[in-house]
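There are 2 protein chains.
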Amino acid sequence: MLDVIRPLVIANTTKIVLLSLDGLAGLPRPETGLSEMETARLPNLAALAQEAACGLIRHVAPGITPGSGPGHLGLFGYDPLQYQVGRGVLEALGIEFDLRGGDVAARGNFCTVDAQGLITDRRAGRISTETCIRLTDRLREIRLPGVELFVEPVKEHRFVLVLRGPSLSGHLSETDPQVLGKPPLPVKPLEAGAARTAELVNAFIAEARRRLADAAPANMVLLRGFDQLPELPRFPAIFGLRAGAIAAYPMYRGLARLVGMDVLKTGATFADELGTLRQHWSSYDFFFLHYKDTDKAGEDGDFDAKVAALERLDASVPEVRALEPDVFVVTGDHASPSVLAGHGWQPVPVLIHSRYAGADPVRAFTERACAAGTLGVFPSHHLMPLVMANALRLTKFGA
Amino acid sequence: MLDVIRPLVIANTTKIVLLSLDGLAGLPRPETGLSEMETARLPNLAALAQEAACGLIRHVAPGITPGSGPGHLGLFGYDPLQYQVGRGVLEALGIEFDLRGGDVAARGNFCTVDAQGLITDRRAGRISTETCIRLTDRLREIRLPGVELFVEPVKEHRFVLVLRGPSLSGHLSETDPQVLGKPPLPVKPLEAGAARTAELVNAFIAEARRRLADAAPANMVLLRGFDQLPELPRFPAIFGLRAGAIAAYPMYRGLARLVGMDVLKTGATFADELGTLRQHWSSYDFFFLHYKDTDKAGEDGDFDAKVAALERLDASVPEVRALEPDVFVVTGDHASPSVLAGHGWQPVPVLIHSRYAGADPVRAFTERACAAGTLGVFPSHHLMPLVMANALRLTKFGA
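Top to bottom, those sequences are chains A and B. Residue 249 in the working numbering sits at position 249 of the first sequence, with consecutive numbering throughout. So the mapping is simple: the working numbering equals the position in the second sequence, first residue as 1, plus 1000.
Isolated chain A, as found in the complex (with noise of 0.2 Å):
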């Protein structure tokens, strides 16, 4: 699809902004048969649906629960089944590591061994960050020949170990055996050239170890979702756009990052985001701009911080408008109903505002009002192209 887009795209001066709502769409609470979306008052969004084209969007298959990663890369234009990032350099972006081409990244658990190094809890009690902090700093110490190591904490239990280097592979097998009473595997390699990588952190693990073994509980490392930097086309070279991203959050901007934008200085909230949108308008043509606060209720199974967070965005909505987009695209990279407390399946309402958006009954900015959209159930990577139409930035197929 990209390849069909690129010759297509040609210069023009409209300006597009792409709301991503984080965990958007919702499902009905049992005891009044409605979602979070059709509880909010929403007249902003409900006014904004009346004049766009609406629809949901499918962000990688019927069923499938998206990550935040490839809930993103669909929205960015990318087929999420065809671009997939590892977990390592997700979680590295997470954080906003500095990851370069050819690092190998993984995901690491402090968890606690026993006596005859069999797993007894794979996280370690869950310990505090700060817990976290201090022994990765005993990690950070661990010399391995011919790489540089990082060794980051995330949260609790978790951390990300980078490898830099030459010749590294990510094609390594996993260490947790996902059950209790075993003990931690060894990495192995999964292709030609992974040996040496193997080896190497095969090496790390055993000193992490001998560091570790008066820190009980977290006396112990598991090694997850290794991988290097996908190879992705440039997102401001495959459609032309001066692209800036505005995330509060790291994850988002690492996955900004990730496909080329640039990523913006703002605050921690998103009043602070919409004076950054603000400020550097007249610099970009397209804007990313997230807002969190949905999900986390969702994933919370707060039902109504849910519906609180999405009022509270409503409010903002005249704030973008003020700004005339050509485009404005309001949507969300997945489902986190407050019934699931969890990211979900489901497929997530999209409004496109544009002059040219066309004629469409949907009267409210919901689930079921956009099912009746114009724009139909569709996945996610085709957003982009109907963007760049709306924006008048696409010639025709054929003559």
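These are calculated hints, taken from the structure and not from any lab test. Hints are not guaranteed to be accurate.
What the hints assert, rightly or not - Between beta-carbon pairs, the in silico distance windows are:
| hint | chain 1 | residue 1 | chain 2 | residue 2 | range |
| --- | --- | --- | --- | --- | --- |
| 1 | A | 190 | B | 1145 | 51 to 61 Å |
| 2 | A | 32 | B | 1359 | 41 to 51 Å |
| 3 | B | 1398 | A | 178 | 13 to 23 Å |
| 4 | B | 1392 | A | 173 | 55 to 65 Å |
| 5 | B | 1214 | A | 321 | 56 to 66 Å |
| 6 | A | 9 | B | 1359 | 40 to 50 Å |
| 7 | B | 1398 | A | 11 | 48 to 58 Å |
| 8 | A | 262 | B | 1398 | 48 to 58 Å |
For each residue, glycine too, the CB sits at the ideal point set by N, CA and C.
With chain A fixed as given, assemble chain B onto it according to the hints.
Frame of chain A, contents of chain B only:
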């Protein structure tokens, strides 16, 4: 898809009419919020829609604006992304040039160059069609070794160049540098076997320059879109249909001929086309009937003219129904919203009227009404299998 269909085709005596309303879909006029289809009084199409299955056709992919070539190939059952037709070939089809397998066709522009040979106007001030005809006469006298040469005027500054002979290749680079102040580029071969064709074309260009030296502003040529006829599976063979095409405009006759339909002699008006339909009714199973006025008005940005063109067409619908086709399909090859004054990417309404098309809530033939139809939004190359099924001309898949 065609490979799936072909072995399922069975004989029947049913008759099919595919009416293509060129550039059918539109967009609301801001003053009224109603599209051209919603503004027009279309009682006959509405009556048809009430008894038909309705939906929206997406011709190439979301956000992609189809040209007339891919737009119609999709309606004929060919995935336009799989079966691409070069611009030179389309230009030749557009003037009904009898292009043959192996011929290489290119789009030509007369242009203006200064004394240094640098381009000062890529369209030679849009010379009159009369001048174009006079100058192509000059170019037609150029002789090249081992190939036959055709230079055919199109309109204003545009012409078609065709080379006929053995072992030619259409894999050639273009000569138009797309900017002013540069000289035309030499043609380069883009595959191993194209070197001789490139030499021939460069010789043609050099000779054209000599013969046009005194013809300013049209004192040079630019050549683009070199290509050869694609090898398309033939429509009558795939679908087991005696297929007749009725179109007043040469481009659409050319597209029908490209897929192997019989092109029926007709007049300049839609009334002539309907006469041709009646005349040949007993001799064909499938009729492709083309109506141009909707697209012309849309491309002119004339909302009222498009409404009028729709109403004129609507008045003719009973004449088609009087013939009692078993399957009557009404759709278009792409959108031409008046507010865009050109082709658009918006999906196009479709109705399939047959005894077996199924129940449908749609009560009007408009973009919004069809969005709620049981056919949903679907790729254009899925239309022909649906049509064949409704004509009871497909057996079941698997026992």
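Each hint tested on the structure:
Residue 190 of chain A and residue 1145 of chain B have their C-beta atoms about 59 Å apart, which keeps the hinted 51 to 61 Å range intact. Under the hint 41 to 51 Å, the C-beta atoms of residue 32 of chain A and residue 1359 of chain B, about 32 Å apart, miss the expected range. Separation of residue 1398 of chain B from residue 178 of chain A is about 40 Å and departs from the stated range, judged on CB atoms against 13 to 23 Å. For the pair residue 1392 of chain B and residue 173 of chain A, the supplied restraint of 55 to 65 Å holds, since their beta-carbon distance comes to about 56 Å.
In this structure the hint that residue 1214 of chain B and residue 321 of chain A lie 56 to 66 Å apart at CB holds, the actual value being about 59 Å. Here the CB-CB span from residue 9 of chain A to residue 1359 of chain B is close to 43 Å, well matched to the stated 40 to 50 Å. Between residue 1398 of chain B and residue 11 of chain A the beta carbon distance is about 51 Å. The supplied range of 48 to 58 Å therefore holds. For the pair residue 262 of chain A and residue 1398 of chain B, the beta carbons lie near 53 Å from each other, so the given range of 48 to 58 Å is met.
The structure shown violates the earlier hints numbered 2 and 3.
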